[in-house]
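> Chains as they are written, first to last, in the numbering used here: chain A, 1 to 162; chain B, 163 to 921.
Don't take each hint at face value.
What the hints assert, rightly or not - To spell it out: a stretch of chain A is covered by chain B in this simulated footprint if at least three of its residues, at any positions, have a beta carbon under 8 Å from a beta carbon of chain B; those stretches are:
1. 33-40
2. 46-59
3. 79-86
4. 96-108
It should be emphasised that the hints constitute simulated quantities derived from the structure, not laboratory data. All C-beta atoms, glycine included, are put in the ideal place defined by N, C-alpha and C.
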Amino acid sequence: MSKQHVTTTVNGDPTEFLAAPGTTLLDALRDELGLTGAKEGCGSGDCGACSVVVDGRLVCSCLMLAPEAEGRRIETIEGMAQGGRLHPLQQKFLEHAALQCGFCTPGFLVAAKALLERNPDPDETEIRYWLAGNLCRCTGYDKIVRAVMDAAAEMRQVRRAS
Amino acid sequence: MTDVMDRPALRVVGERPIRPDGVDKVTGRAQFGADFNLPGMLVGKIKRSPHAHAKIVSIDTRKAKALAGVKAVVTAADFPDLASEEVEAGEAAGNLRDLSMNCMARDKALYEGHAVAAVAATSAAVADEALALIEVVYEVLPHVIDVEAAMAPDAPVLHEGLFTKGVEPKPTAPSNIAAVNKLGRGDLAEGFAQADVIVEARYTTKAVHQGYIEPHACIAQYGQDGQCLVWCSSQGQFMVRTYCAKILDLEAADIRVIPSEIGGGFGGKTTVYLEPLAIALSRQSGFPVKMVMTRDEVFRATGPTSGAVVEVKLGAKRDGTITAADVVLKYQAGAFPGSPVGAGSMTALACYDIANAAITGYDVVTNSPKVAAYRAPGAPISAFGMESAVDELARKLGMDPIAIREKNGVVSGVKAVYGPTLRDIAYKDTLEAIKSHPHYSIPLGPNQGRGLAAGFWFNIGGESTAAVRINDDGSAVVATGNPDIGGSRASMAMMAAEVLGLPIDQVRPVVADTASIGFSMLTGGSRVTFATGMAVVEAAKKVVEDLKQRAAQMWEVPADKVAWENGAAVCLDPEKPAAKPLSIAAIAARAGRTGGPITAEVGLNAQGAGPGFAVHLCDVEIDPETGHVTVLRYTAAQDVGKAIHPSYVEGQIQGGVAQGVGWALNEEYIFDAEGRMENPGFLDYRVPVASDLPMIDAILVETAPNPRHPFGAKGVGEVPIVPPLAAVANAVRDALGLRLTDLPLSPPRIRAALDARAK
Ligand code: FES
Ligand code: FES
């Protein structure tokens with residue numbers, strides 16, 4: 001089957017790619033655009049390793065077809081650090097040692113960022129339920145949850161100060 | 163060995179610096195197994211048996227080969243038919259023939275998902291089409307998966323040539339019982355005769371998967387000159403090289419394995435599945451071949467750990483002294499011999515000083531995937547039985563669960579039931595850490611319960627190589643041969659920085675490929691910070707000696723007139739009062755004139771890994787309506803020797819606990835009547851998610867540093883998965899007032915137990 005031409009915005013930049021109709025957005029990002037930060041842990045929407053944000057909504061890119069990205073804004077882990085500066089969540093993940101193997105990390109960061117954009121002051125339970133779609137087999141989640149809480153606190157402080 | 167420890171104060175070790183590979187991993191830049199591509203690369207895929215047990219009558223690959231875009235098709239006929247030979251690859255020892263036949267079935271498919279053929283094609287779609295065109299004729303055989311059913315005399319036999327090892331007289335008929343091993347001491351009958359109280363029960367566990375989030379992935383490129391490159395995600399690049407060389411009958415020197423980042427392993431990546439097939443496909447096609455498993459394939463074809471039956475009988479005096487222990491362990495090995503029942507046997511009673519004990523272990527082949535190592539292989543299963551039994555015993559005696567463990571617990575100098583004399587252990591301090599933690603006395607509410615359990619793991623040392631190189635600006639590189647599975651780059655860099663006297667950010671750790679560093683056993687057995695860390699320290703010390711030597715040349719003084727302090731050479735020669743300390747940078751700048759590059763590589767075989775003990779405390783609440791168990795609180799104390807990077811040690815503990823809680827409450831392989839796995843995805847094979855767990859309080863007990871490690875480190879990665887099964891089960895027992903002995907304690911099981919009681 002012939003490939004379709006898809007025009008999108010990826011991490012703020014206009015981007016075009018070709019994709020067969022059955023290709024997932026995850027495969028297009030990884031194989032066509034070389035953005036391998038999103039990972040395939042399951043391919044069935046159960047692990048969150050492939051998390052990206054499409055038009056402001058957190059999605060599993062393994063469950064979305066690449067042609068559906070036409071005309072949409074896609075944000076991936078590769079766009080999270082701005083101008084050589086890590087996002088506070090990235091910084092806090094490092095400080096709290098919230099990763100071991102790091103395979104789940106891009107997905108957690110993308111998901112956590114989406115949470116803090118909706119709710120700048122989540123409590124522990126809200127964080128745990130929001131992140132329940134992301135599997136981590138290494139950390140037991142403890143340090144991930146702490147890192148998100150700490151990043152949220154810091155971002156609130158920065159917002160108040162500005 | 164302890165000279166470095168005698169330093170007045172450690173600057174780096176014991177601190178919590180940001181890991182050197184951290185930014186790569188939070189920005190998506192780190193390259194894992196599936197993140198590489200090569201020009202002209204083909205896609206490799208595997209055809210798998212749909213039957214749990216079947217004779218392979220014929221395989222016809224002609225149609226597949228004829229399909230446009232198909233570049234290679236391999237079956238067992240493309241691999242040498244190897245003789246049975248045991249290979250030592252550290253903790254992942256195995257039999258070569260079995261390993262080869264597990265990668266590609268020969269004559270018989272032994273489990274659903276067993277590979278029978280593989281193809282390489284120009285696209286995934288073509289590869290899928292080719293798989294469908296391969297015609298395999300099977301003769302389906304009766305199968306057996308349950309461990310006790312497999313042991314029965316009339317069970318379908320997996321291997322006609324398998325005769326039980328370890329029994330006299332030698333059996334004359336083949337059996338699924340690959341081996342029986344026994345250990346123990348004293349006189350069991352006498353021990354039970356001394357007992358005032360006896361408890362006896364049978365416990366069962368289901369096969370569970372390591373559940374690493376990254377599926378297996380590799381690329382192989384076999385050149386026309388016979389030189390072969392493999393990029394893969396594994397726990398040991400040297401293990402991959404050895405196994406591929408043996409399975410394909412190649413020279414190790416012709417294979418170079420480049421380790422990618424590894425997205426979790428927990429023991430499950432201590433063997434090969436894809437790599438030999440990818441090499442064979444690349445050799446046949448002349449193109450690089452990339453293979454990536456789906457999650458379905460990971461569940462169906464890669465290592466779970468054993469499902470098991472554990473029978474425990476304990477006798478004790480009224481004062482709590484355990485006088486006798488009789489333990490029987492029956493472990494599924496999957497399709498080939500090699501369950502972790504040996505380690506399960508040795509660890510079963512390792513926390514206890516018991517005079518009369520017997521442990522019998524059965525290694526049983528079954529029509530399920532060949533088991534692979536899973537974090538402290540075998541130990542969580544036997545500990546589940548033993549620690550549950552000790553809990554029952556304490557209840558019968560009216561004793562506190564810590565008191566009974568204090569009464570019978572091992573201390574330094576005690577000879578363990580499995581043989582060696584334990585030294586420099588802090589088991590009692592670990593119990594004490596839990597006893598004095600506020601968690602131990604928090605009042606419980608209705609439907610809530612508290613459980614405690616202990617665990618032991620040997621930890622290993624073994625062969626490792628490390629190189630330390632000084633750059634021309636005075637910074638350093640530390641190269642090792644161990645994949646960094648949970649932050650070990652940080653500890654390698656920290657130990658080197660400590661010895662050299664450099665700030666941590668001036669030491670860059672790298673994980674080198676098999677052609678770029680000497681041999682190292684794989685990352686497993688909680689050995690890297692201990693053994694490879696030792697090689698790093700030795701290499702760094704050699705570099706310091708060299709730096710002192712260079713400084714002596716620069717000052718024109720004898721070498722013994724130079725000391726090393728805070729990362730600089732200091733001149734002790736009274737005749738050179740004006741000699742200012744020389745920093746590494748100053749010495750490195752003159753390296754060309756003082757003997758050339760400053761570098762040292764050390765290979766060693768580290769002995770004396772200190773064993774680890776863990777004591778866990780768990781609170782649960784049971785919803786009587788749904789049978790759902792919520793873990794309310796969890797505290798885990800561990801004898802760690804000395805934590806090099808405490809955050810990553812805590813992380814190991816928390817991660818092990820989470821896996822153990824999953825094992826206890828939800829995870830299990832479920833097979834249908836045909837022996838096909840019914841839940842090969844994360845939706846139905848439920849690993850714990852963030853909302854299933856509380857914070858996990860990790861207590862690092864550092865009262866018994868390991869004198870055989872320069873900084874006192876013991877392995878820390880495995881023992882944290884040993885106690886949770888029983889800690890959770892004991893908490894559920896406490897909450898329900900009823901002992902459930904079959905894992906997982908999933909909601910239907912709990913409901914059924916509550917219903918049965920109501921009747
Ligand atoms: S890969 Fe998309 S959710 Fe797992
Ligand atoms: S850090 Fe390994 S899966 Fe999360």
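> None of the hints should be skipped; say for each whether it holds.
The hints, checked one at a time:
With a cut-off of 8 Å between beta carbons, the region 33-40 of chain A has 6 residues touching chain B; three or more are needed, and the interface restraint holds. Under the rule that three or more residues need a Cβ within less than 8 Å of chain B, the assignment of the region 46-59 of chain A holds, with 3 such residues. For a cut-off of 8 Å, the count of residues in the region 79-86 of chain A with a CB near a CB of chain B stands at 3, and the three-residue condition holds. Counting residues of the region 96-108 of chain A whose CB lies closer than 8 Å to any CB of chain B gives 10, so the stated coverage by that chain holds, three being the minimum.
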